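Guided by the hints, dock chain B onto chain A, whose structure is given.
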Amino acid sequence: GDSVTQMEGPVTLSEEAFLTINCTYTATGYPSLFWYVQYPGEGLQLLLKATKADDKGSNKGFEATYRKETTSFHLEKGSVQVSDSAVYFCALVDSNYQLIWGAGTKLIIKP
Amino acid sequence: GAVVSQHPSWVICKSGTSVKIECRSLDFQATTMFWYRQFPKQSLMLMATSNEGSKATYEQGVEKDKFLINHASLTLSTLTVTSAHPEDSSFYICSARDLQGGEPLHFGNGTRLTVT
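As you go down the protein sequences, you meet chains A and B in turn. Those letters in the first sequence? Residues 1 to 111, by our numbering. Those letters in the second sequence? Residues 1 to 116, by our numbering.
Next up, chain A with everything else stripped away, as it sits in the complex (with noise of 0.2 Å):
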C-alpha cells in the first residue's frame, strides 16, 4: 500500500540556519503531497501542499516539491526561527481520499 517516509528527529538547528526535512513516498498513481505543521499543545496545521509534479507549494518561507523521478517532497527554509520549532508531518492522500501520515520529525530551534 502507499506509504510515507519521512527523516527521523529530533533535527536541532541554531537559528536562522538552512533547514531540510526529507520525505519520500510510494504510492500508485500520483497522490497530493502535504506538509502538516503542529506546534507544542495544538492540533495540526497545512503547511503547504503540491498535487502534481513539479509542483512547488510554499508558504511561511518553507518549500517543498514535488518530484516524481525521485518520489519525493523534501521541506526546506532558508533561515528558520525560534517559533518554526514544531513536529512537521509529511502526508498524502491516496486514491479513498484518506491521509497516510509519515511519523513526524520533531524540530527544535535553537536561538
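None of these hints come from the bench; they were simulated from the model. Bear in mind the structure is a predicted one, so any value in this text is a computation, not a measurement. For every residue, glycine included, the Cβ atom is placed at its ideal position computed from N, Cα and C. A portion of the hints provided could be inaccurate.
[What the hints assert, rightly or not] Okay, the calculated bits of chain B under chain A, using three or more residues with CB under 8 Å as the criterion:
hint, region
1, 44-56
2, 106-115
[Claimed, not checked] A few chain A residues that face chain B, going by a derived Cβ cut-off under 8 Å, partial list only:
hint, residue
3, Leu44
4, Phe89
5, Gln98
6, Leu99
What follows is chain B alone, placed relative to chain A:
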C-alpha cells in the same frame, strides 16, 4: 479559510466515566469527518471515518463500542469515549473534508484527554 472547531481542548475525567468530544465545521459542510488518535511522540493513527447520516467505519483494532461516533449533520461529528480508562488518555484530533472537494482536510486543534 475553512475552520474546524474541536471542543473541549482538554478534559480530565475519572475512570469509568464517559467523555464526549465535538468536532464542528464552522464555515463549510463536511460529508466526511475523520477521527485520529495521537500517542506521545508518534504520528496520528486513524481511528474511524464518519459519514453524515450513516454509521462510522472503524479501523482495525479500534473498539466501536468504546469509541462511539455520531455524525448527525453536515457540520457536526462527535466522539464519545465510553467507560474511560487511563490507557485511553491521549490526544484526539478530528478533521473534516469539504463537501466541495476531496482535499485538503481541515483539522481541529485537538482534545487532550486525561483519565485518572
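The hints, checked one at a time:
no.	hint	verdict
1	44-56	holds (count 3)
2	106-115	holds (count 6)
3	Leu44	holds (4 Å)
4	Phe89	holds (7 Å)
5	Gln98	holds (7 Å)
6	Leu99	holds (6 Å)
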